[in-house]
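K.L.:
If you want the building blocks of each chain, they are given just below.
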Amino acid sequence: MGKRKIAIVLVFLLISLAVFPQQKDSVATRPVRFSLSLGTGWTHYIDNLDYGNKYLNKDFAGFSFRFLWEPEYRLSLGAETGSYTMFKVKNPTGTVASGDITRKVTPILFIVRMRIVDHFYLGTGFGLAFLTNTSNYAGQKIVTNTTSLSNYQFSASYIYPLSTHWQLGCETKLFDFGAYNDWMYSLQAFCAYRF
Amino acid sequence: MMKQIKMKNLIPYIIAFFILAVSCNRDYDVPIPSIGENSILKGTNPLNNASKPLMEGIYATSATSGRFGDTIVVKWNRTSLSFACYNGIYFVMNAGYLDSKISLEGYWRDAYSDGTGLCTMTIAEAEGGNEIVNEISPQKIIIRGEFGNGEGLPDQSLTLTYLRSFSDKVKNTKFNILAHRGGGRTSDKLPVSENSIEMLNFTEKLGSTGIEVDVRITRDKVAFIYHDSDINIRLTKKGPLSGEIKAYSWQELSSYVRLIHGEKIPTLEAALTFVVDSTNLNAVYLDMKEDKEAMAVVIPIQQKMLQRARDKGRNVSIVVGIPSTNVLNDLMNYPDYQTIPSLCELTVDDVRTVNSIVWAPRWTMGTQNELVKQMHAEGRLAICWTIDNPAWIKDYLSNGQFDGLLTNFPSVVAYYHYIQK
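So the sequence lines, in the order shown, correspond to chains W and H.
Last residue of the first sequence: number 195 in the numbering used here, and the count goes up by one each step with no gaps.
Last residue of the second sequence: number 421 in the numbering used here, and the count goes up by one each step with no gaps.
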């Protein structure tokens with residue numbers, strides 16, 4: 001992901017924070033119990049490859065989708081999924097292993113989110129992740145899939161309620177995918193609808 | 001009004017959760033301790049080959065801690081002197097002499113745990129050193145020295161007193177001590193990776209006389225040795241490839257995959273060439289992990305390497321393994337399959353069908369002495385797999401009639417084999 005794309009994401013975040021007036025999220029105007037949110041933003045793979053990372057691209061755009069049950073003022077439970085590209089190794093033509101290798105992940109996590117102070121939330125999640133490796137080498141495309149059983153997510157969110165139902169926010173997340181000990185963090189803007 | 005939860009109260013839980021998340025990473029490193037610049041072998045001369053067998057035999061042990069048992073088996077391998085104990089502890093020692101004093105230096109390791117330490121010993125001139133150096137059978141041998149723990153210098157007394165040579169039964173029997181996964185498992189925290197050239201070079205130090213290797217085939221039909229069906233961080237360094245290993249070409253594996261200690265995955269041909277050219281190993285069991293048209297790839301390599309061994313005057317047995325009915329069928333699709341040296345893990349009837357030269361039942365089936373006798377009567381060998389528990393190893397050696405045992409702990413099999421009367 002180029003610097004230009006990262007800048008666009010950050011500008012989008014800043015505009016969203018500036019345009020919409022801040023409201024006190026601690027005052028519930030009507031009972032809302034569930035929310036759906038859609039987020040997108042920058043992801044960065046924390047390179048802990050021991051080998052084969054000479055031509056490693058680590059920055060990409062990612063997407064997430066989250067459903068939360070918000071039974072009370074402080075605590076929310078739910079599920080989250082998404083689609084992220086972790087890395088791409090693109091060996092230049094002429095090297096011994098010219099071609100590219102891409103690893104993507106789709107996590108399906110159980111999420112617990114807790115409000116710490118007004119607008120600020122911390123969350124954690126655990127669950128499954130489906131890793132897909134795509135290798136293009138010598139004109140052949142090889143796709144392999146791995147299910148990772150031990151995966152974690154930690155998140156910190158800043159949420160601005162626009163109305164009773166609509167929220168905008170930004171969120172930073174840290175992922176640990178256990179199958180290959182992959183670490184990744186993400187900075188996302190998201191929009192949520194509460195009902 | 002709800003009481004506000006303070007952030008500082010949550011921090012210990014967050015830290016604990018984080019530690020839990022990252023604590024599952026395995027550590028496969030047990031460093032070999034080194035004495036470094038204080039080596040007692042400095043300035044010594046290597047022992048002559050004729051001197052080495054004079055040191056071999058059964059020794060009484062006197063250690064301050066008693067951790068090595070009452071007796072130790074002392075046996076030379078291609079590169080070093082090995083001591084094997086009843087409980088899985090083994091020593092890898094290098095030797096040299098100066099005048100008529102023999103110095104030994106190396107390390108001990110517990111095969112079943114992370115225990116390790118340095119060891120330095122000597123054979124004084126009057127306690128066997130003079131005769132051994134001069135290639136004369138000694139009247140007595142006493143090896144005196146110390147051992148330590150971890151990286152610490154040796155500080156606990158250890159004395160080995162020669163009791164007897166190996167029995168005629170041991171000397172006159174060709175018994176196969178077959179080491180699993182190319183000579184040793186990565187999970188047993190050995191200094192080199194399983195199924196690597198480096199492991200083939202190392203395993204004789206553990207007492208192995210033969211090996212089992214796991215044979216897989218790449219997408220472009222290159223046979224290589226690797227145990228698991230997938231690329232994982234248990235066996236390999238973390239790299240960009242993941243998933244089923246046979247999906248990739250040899251060039252991809254060669255470029256992007258390194259074993260856990262940094263070695264390249266070897267092709268089957270490279271591994272067998274190393275065994276034939278550079279080791280004293282005399283048996284190789286090719287454990288076929290693929291069952292579709294794999295024999296057509298592997299058998300020509302087997303035949304080529306058998307010929308290479310004959311050309312070099314080496315008596316190496318290389319057998320293709322038959323662990324399943326599918327592999328059996330794959331072999332039976334090969335022309336003249338009954339002439340292919342094979343090892344069959346299935347029934348004795350299957351052994352006869354493909355004319356395997358070795359029958360290899362699972363150890364949990366028992367010693368099966370009657371069937372073993374039948375195999376022997378038909379001119380076949382019988383080898384039992386994969387037996388790791390010292391008590392069972394002792395029992396199978398005492399009460400069984402197998403021609404060898406496949407094990408993850410060859411030093412234990414070596415101890416109970418060589419100590420037989």
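A couple of the hints might just be wrong.
With a straight-line cut-off of 16 Å between C-alpha atoms, the simulated EDC-like cross-links for lysine to aspartate or glutamate are [said to hold, decoys possible]:
| no. | chain 1 | residue 1 | chain 2 | residue 2 |
| --- | --- | --- | --- | --- |
| 1 | W | K141 | H | D220 |
| 2 | H | K237 | W | D59 |
| 3 | H | K238 | W | D47 |
| 4 | H | K238 | W | E70 |
| 5 | H | K264 | W | D47 |
| 6 | H | K237 | W | D50 |
| 7 | H | K101 | H | D70 |
A few chain W residues that don't get close to chain H, going by computed Cβ distances all over 12 Å [stated by the list, open to error]:
| no. | residue |
| --- | --- |
| 8 | L36 |
| 9 | L49 |
| 10 | Y51 |
| 11 | A79 |
| 12 | S83 |
| 13 | F87 |
| 14 | K88 |
| 15 | V89 |
| 16 | L131 |
| 17 | T132 |
| 18 | L162 |
| 19 | A179 |
| 20 | Y180 |
Treat the hints as calculated values from the structure; they're not laboratory data.
This structure is a prediction, so every number in the text was calculated from the model and none was measured.
Every residue gets a Cβ at the ideal spot worked out from N, C-alpha and C, and that includes glycine.
K.L.:
The structure should be examined with respect to each hint, and the outcome stated for every one.
P.N.:
Taking the hints in turn, this is what the structure says about them:
The suggested pairing of K141 (chain W) with D220 (chain H) holds, with an alpha-carbon distance near 13 Å, which does not exceed 16 Å. Restraint check: the Cα-Cα separation between K237 (chain H) and D59 (chain W) comes to about 23 Å, which exceeds 16 Å; the hinted pair is violated. In summary, the hint linking K238 (chain H) to D47 (chain W) is supported, as the alpha carbons are separated by about 10 Å, within the 16 Å threshold. Between K238 (chain H) and E70 (chain W) the alpha-carbon distance is near 39 Å, which puts this suggested pair outside the 16 Å criterion.
At most 16 Å may separate the alpha-carbon atoms for a hinted pair to count; K264 (chain H) and D47 (chain W) exceed this at roughly 21 Å. Taken as a hint, the K237 (chain H) and D50 (chain W) pair is honoured in the structure, with Cα atoms around 6 Å apart against an allowance of 16 Å. Of the supplied pair hints, the one linking K101 (chain H) and D70 (chain H) is violated, its CA atoms being roughly 25 Å apart against a limit of 16 Å. Every beta carbon of chain H lies more than 12 Å from that of L36 (chain W), the smallest distance being close to 26 Å; the non-interface claim holds.
Against the 12 Å criterion, L49 (chain W) falls within the reach of chain H, whose nearest CB is about 5 Å from its own CB. Against the 12 Å criterion, Y51 (chain W) falls within the reach of chain H, whose nearest CB is about 4 Å from its own CB. With 12 Å as the threshold on Cβ separation, the claim that A79 (chain W) sits away from chain H holds: the shortest Cβ distance comes to roughly 19 Å. With 12 Å as the threshold on Cβ separation, the claim that S83 (chain W) sits away from chain H holds: the shortest Cβ distance comes to roughly 17 Å.
Separation of F87 (chain W) from chain H is inadequate, the least Cβ-Cβ distance of about 7 Å not exceeding the 12 Å criterion. At roughly 9 Å, the least C-beta separation between K88 (chain W) and chain H is not larger than 12 Å, which violates its mark as non-interface. At roughly 5 Å from the closest C-beta of chain H, the C-beta of V89 (chain W) falls inside 12 Å, breaking its exclusion from the interface. For L131 (chain W), the non-interface assignment is contradicted: its Cβ lies about 6 Å from the closest Cβ of chain H, within the 12 Å cut-off.
For T132 (chain W), the requirement that its beta carbon stay farther than 12 Å from each beta carbon of chain H is not met, with the minimum near 8 Å. Against chain H, the non-interface label of L162 (chain W) holds: every CB pair exceeds 12 Å, the least being about 24 Å. The non-interface label for A179 (chain W) is inconsistent with chain H: the shortest C-beta to C-beta separation is roughly 8 Å, within 12 Å. The claim that Y180 (chain W) is not at the interface with chain H is violated, since a C-beta of that chain comes within 12 Å of its own (minimum 6 Å).
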